[in-house]
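Asker: Each chain, letter by letter, is given below.
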Amino acid sequence: MKQPVQQISRAAVVWQLVAFVAVVVPHLIWMPFWIPLFCLAMIACRLMIHSGRWSFPHWSIKLLLMLITAAGLLLTFDKQSLLSGTVSLLVLGLSLKLLEIYHRRDALVLIYVAYFVATTIFLFEQEMWVALLCFIAILLVTAALNSVWQDPQRIDYKRPLVQSCRVLFPAIPLMLLLFLLFPRIEPLWSVQLDRSAAVTGLSDTMAPGDISQLTRSGAMAFRVVFDGEPPPPAQRYWRAMVYSQFDGRQWSQASLQSSQSAESLITLSEPLEYQIIQERTGRNWMFALDMPVSSGQVTDGVLTRTRTLESKSTIESRLHYRLQSSTAYQLGADLSGDERARYTRIPASSNPRTQALSEQLWQDAGQQPDRYIDALLGLFNREFTYTLQPPRMEQHSIDQFMLEHQRGFCEHFAGAFAFMLRAAGIPARVVGGYQGGEWNPYQGYLLLRQYDAHAWTEVWLEGEGWVRIDPTAAVAPQRIEQSLDSLFADDPGFLADNPVSALRVTRSGVMLQLRLYYEGANFAWHRWVLHYQGEQEQLLRNWLGELSPLRMILALMLPASFVLGWVAWMQLGQTATIRRDPVDRALHRLLKRLAKKGIPRHPEESLQAYCARLAQERPDLSKPLRQMALLDEQQRYGQNSSPEHRRELLELIRACHRSL
Amino acid sequence: MSDLLAQKFQNSVDELGKVLLGKEQQIRLAITCLLSGGHLLIEDLPGMGKTTLAHSLARVFGLADKRVQFTSDMLPADILGVSVFEAATGQFRFHPGPVFTQVLLADEINRTTPKTQSALLEAMEEGQVTQDGETRVLPTPFFVIATQNPVTQYGTFPLPESQLDRFLMRIALGYPAPEVERRLLTVGDTRQQIDSLQTMVTVQELMQAQKVINEVHASSSLIDYLQRLVQYTREGSGFSSGVSPRGALALLRCARSWAWLEGREHVVPEDLQRVLEPVIGHRIRPAEDIAGHTSTRLVAELLSQVDVMS
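Residue numbers (the working numbering), protein chains in the order written: chain D, 1 to 660; chain V, 661 to 970.
The set of hints was computed from the structure by calculation and includes no laboratory data. Possibly wrong hints are sitting among the right ones.
[Claimed, not checked] A few chain D residues that don't get close to chain V, going by computed Cβ distances all over 10 Å:
1) Val563
2) Leu564
3) Leu607
[Stated by the list, open to error] What follows is a list of derived Cβ distance ranges for each label pair:
4) Gln627(D) with Asp674(V): 43 to 53 Å
5) Gly598(D) with Asp884(V): 35 to 45 Å
6) Thr790(V) with Gln627(D): 50 to 60 Å
7) Ser964(V) with Pro173(D): 36 to 46 Å
8) Lys597(D) with Pro810(V): 18 to 28 Å
9) Asp884(V) with Gln627(D): 16 to 26 Å
10) Ser642(D) with Gly848(V): 49 to 59 Å
11) Ile155(D) with Asp884(V): 28 to 38 Å
12) Gln891(V) with Tyr102(D): 50 to 60 Å
13) Leu37(D) with Arg894(V): 27 to 37 Å
The model shown is predicted, which means the values in this text are computed figures rather than measured ones. We put the beta carbon where it would ideally sit given N, CA and C, even for glycine.
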């Protein structure tokens with residue numbers, strides 16, 4: 001038999017539109033502007049059709065629209081952006097499908113694709129709010145699915161949503177269970193995700209003179225969770241790289257010498273244990289609190305000669321790792337001749353005036369490194385100003401900085417300081433990384449933003465090894481003690497890349513608390529949901545003991561059967577009634593027994609009719625059955641019922657039961 | 661006394677069975693309807709014995725009967741009566757229409773216009789006729805047996821639900837079984853047979869029986885069952901409109917009559933089940949007018965879905 005063509009109800013059409021919007025909304029964050037506009041136009045067209053002002057489009061119009069979208073996609077996306085191109089294609093296809101929804105079949109196509117598109121947002125973004133939007137989208141798409149099966153005559157806008165909630169609500173415990181227990185399998189294939197260049201406060205090289213205005217970004221660099229107490233703010237130096245070569249203008253990293261082991265380290269304090277959640281950088285460097293004890297549990301990380309952490313491959317996604325660091329230490333007690341040469345090398349002809357100044361100060365200090373360093377820091381403290389808008393410095397940038405402008409930020413100070421130390425023959429190097437961070441009291445973690453990027457100096461002193469000296473601290477101690485955030489609250493250059501940044505308005509009071517709370521929740525999301533696979537094994541081990549397939553299956557099956565049983569009970573369980581009357585109970589037991597024996601009572605059969613039928617099948621029982629039927633009739637429908645009759649009836653029922 | 665009365669009615673069933681061969685069930689239903697004080701609608705094809713049943717009933721119960729053949733050009737006055745000016749007395753004199761009788765056989769009621777239909781149905785409901793501002797009470801008992809052709813036939817004005825509701829029962833006679841029909845063919849003239857019928861019950865006895873029936877016991881278990889049935893017609897997906905409280909009351913009354921006719925002093929579920937289709941069949945409507953979803957099927961579904969014993 002041919003299935004009749006099913007037209008969907010008007011409410012269902014509206015639900016398709018709602019589902020479509022819900023699915024597209026999260027994608028707005030990345031989509032080229034014309035796609036949402038096109039979708040809006042299609043929705044408007046569909047509403048015109050829905051209200052009866054327009055009729056369904058002719059095939060030629062549909063063809064034209066299809067060609068327009070195809071051309072738009074080809075012009076917008078190239079081979080590099082395969083993923084966003086594909087999702088855009090799906091979204092545009094959905095929007096075109098909106099125009100021709102008429103039958104149930106059309107709506108089903110739209111809904112099934114919408115489910116898929118709703119989940120593709122996770123390829124672009126995995127934040128908490130995205131998950132929330134996606135959840136809402138799934139709820140609405142399910143409602144749209146419900147509406148499709150609604151009776152076309154019965155227009156009810158609310159019911160599909162209620163049904164959708166009713167269907168999805170019992171699925172939540174199952175979802176949580178699967179999330180907790182389901183093994184995380186490595187992907188079978190991977191998709192090239194489109195990435196724009198990451199913003200970072202760090203770079204491989206450091207040329208302070210080139211920068212006249214430092215714009216700093218409020219983007220997140222990494223977050224740290226300490227197992228114990230966090231170190232005091234003055235010790236929060238996060239080491240990322242060491243610049244050991246100076247070419248007269250620019251500091252850069254020494255060529256990689258991975259064969260060499262890390263400089264020797266003697267820890268003088270109990271090491272701190274902590275976990276770092278690093279945002280994507282697109283580079284190799286990783287972060288560690290001064291001074292990392294070992295590369296610890298970092299899967300891909302190696303500890304370089306200069307005790308910075310480096311990943312073997314570039315970091316293209318959020319990375320979690322655990323480290324141990326000691327804040328009191330002695331680093332690199334011995335310095336080889338090669339290294340001494342490298343760390344004191346400066347181009348002879350560069351910055352001559354600074355070299356002369358160094359020579360003079362060195363002589364004044366009686367060639368004592370301690371006194372020389374004190375003299376330099378004193379000089380910085382007296383004569384120099386910390387600013388984020390230093391003047392641009394041309395050739396011999398350190399000369400200009402030291403003798404003319406005397407204004408700069410951490411890179412200027414660290415670079416000039418290291419240069420002058422080297423000029424006096426003292427081994428020195430510049431360390432780049434982050435300093436400080438914002439403590440979130442709600443979730444107990446430290447948040448480092450890009451504007452926390454910092455540069456400082458390490459000096460090698462005989463008998464002490466490499467000592468960290470931060471010349472910026474001599475100029476602007478607040479920079480180290482507090483955060484840059486509070487220091488430059490009114491500086492226009494600060495956060496200039498993001499003029500409407502939420503950070504600007506959330507520096508104090510309730511807004512600050514709200515922001516910290518939001519960031520805390522987001523952090524918990526990253527740590528416990530997105531990075532759950534890192535914790536899964538340990539967590540399951542804590543709960544289940546030794547992991548074995550049997551235990552995993554049991555752990556999955558038991559709660560799952562509980563949940564499903566509960567659902568089944570909710571659906572079916574209420575039909576059973578409790579029978580208190582002994583006669584009633586005995587009678588139902590008898591009826592159940594008979595039903596099991598293959599002679600069930602039909603619903604429309606009264607007990608009397610049933611007994612009459614039964615008596616024909618079981619002539620041996622016909623007498624008690626007839627008697628029982630008669631007594632029951634008197635009891636149930638007659639006027640005169642007495643306790644004796646009831647007792648008699650009960651006896652008869654039991655007798656029948658026994659003789660079965 | 662009551663037993664004796666019931667026996668008389670039982671005998672009348674047998675007496676009617678002499679003319680309407682093999683239709684005991686329908687005869688019982690018709691008597692039940694009469695006992696319950698309601699009106700009867702017989703829906704069947706022409707020539708199935710509708711008129712015979714009506715005539716026989718009137719005869720067996722000793723009631724005056726009149727027959728009206730409804731046609732499409734009939735007017736209300738043709739049924740209710742008309743006031744005519746008499747030159748001799750110089751006054752209007754009311755000539756009562758055929759409605760002034762005890763048993764009125766309204767033949768093919770759906771062939772006349774709604775206007776005429778409603779005039780009759782009003783009389784049925786009120787038990788009186790108002791003509792020219794004067795109200796005239798109809799004789800008691802007043803029992804209408806209307807017959808109608810299935811609405812699918814040509815030239816019919818189907819009765820709307822509200823008017824169908826005025827009839828306590830709707831029954832169909834159906835074709836006779838082959839052996840019964842054979843007997844029918846050999847017996848010969850039906851009219852003579854009707855004339856030969858004996859009057860078994862007097863009007864007084866009929867009125868008395870109608871009173872007695874109210875005392876037939878309906879237990880709470882039975883009321884519960886009835887209530888479940890009615891509730892199902894209101895909630896079940898197959899029904900577009902359920903049985904009204906008036907329908908439920910009619911059901912109980914007919915079940916009582918049936919039980920009494922069976923010689924019982926209390927109602928059992930079977931009584932209810934017997935009268936269920938005739939009483940509610942014309943009061944329910946299937947949700948979708950898909951072919952095959954007749955009220956008979958609906959009632960069968962209703963019976964199979966509602967448990968007699970909670």
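Asker: A separate judgement is required for each hint: does it hold in the structure or not?
Answerer: Hint check results:
1. Consistency note on Val563(D): stated as away from chain V, and its beta-carbon is indeed over 10 Å from all of that chain's, at 30 Å minimum.
2. With a minimum CB-CB distance of about 27 Å to chain V, Leu564(D) clears the 10 Å threshold, and the non-interface call stands.
3. Not every CB of chain V is more than 10 Å from the CB of Leu607(D) (nearest about 6 Å), against its label as outside the interface.
4. One distance hint, 43 to 53 Å for the beta-carbon pair Gln627(D) and Asp674(V), is violated here, with the actual separation near 31 Å.
5. Distance hint check: the CB atoms of Gly598(D) and Asp884(V) are about 29 Å apart, inconsistent with the given range 35 to 45 Å.
6. Separated by about 58 Å at the C-beta atoms, Thr790(V) and Gln627(D) satisfy the suggested range of 50 to 60 Å.
7. Look at Ser964(V) against Pro173(D): about 38 Å separates their beta carbons, and that is inside 36 to 46 Å.
8. Range check, Lys597(D) to Pro810(V): about 45 Å between beta-carbon atoms, so the 18 to 28 Å window is missed.
9. Between Asp884(V) and Gln627(D) the beta carbon distance is about 25 Å. The supplied range of 16 to 26 Å therefore holds.
10. The hinted window of 49 to 59 Å between Ser642(D) and Gly848(V) holds, with their beta carbons roughly 57 Å apart.
11. The given range of 28 to 38 Å is respected by Ile155(D) and Asp884(V), whose C-beta atoms sit roughly 36 Å from each other.
12. The given range of 50 to 60 Å is broken by Gln891(V) and Tyr102(D), whose C-beta atoms sit roughly 39 Å from each other.
13. Against the hinted window of 27 to 37 Å, the Cβ-Cβ separation of Leu37(D) and Arg894(V) comes to about 52 Å, which falls outside the hint.
Hint compliance for this structure: hints 3, 4, 5, 8, 12, 13 are not met, and every other hint is.
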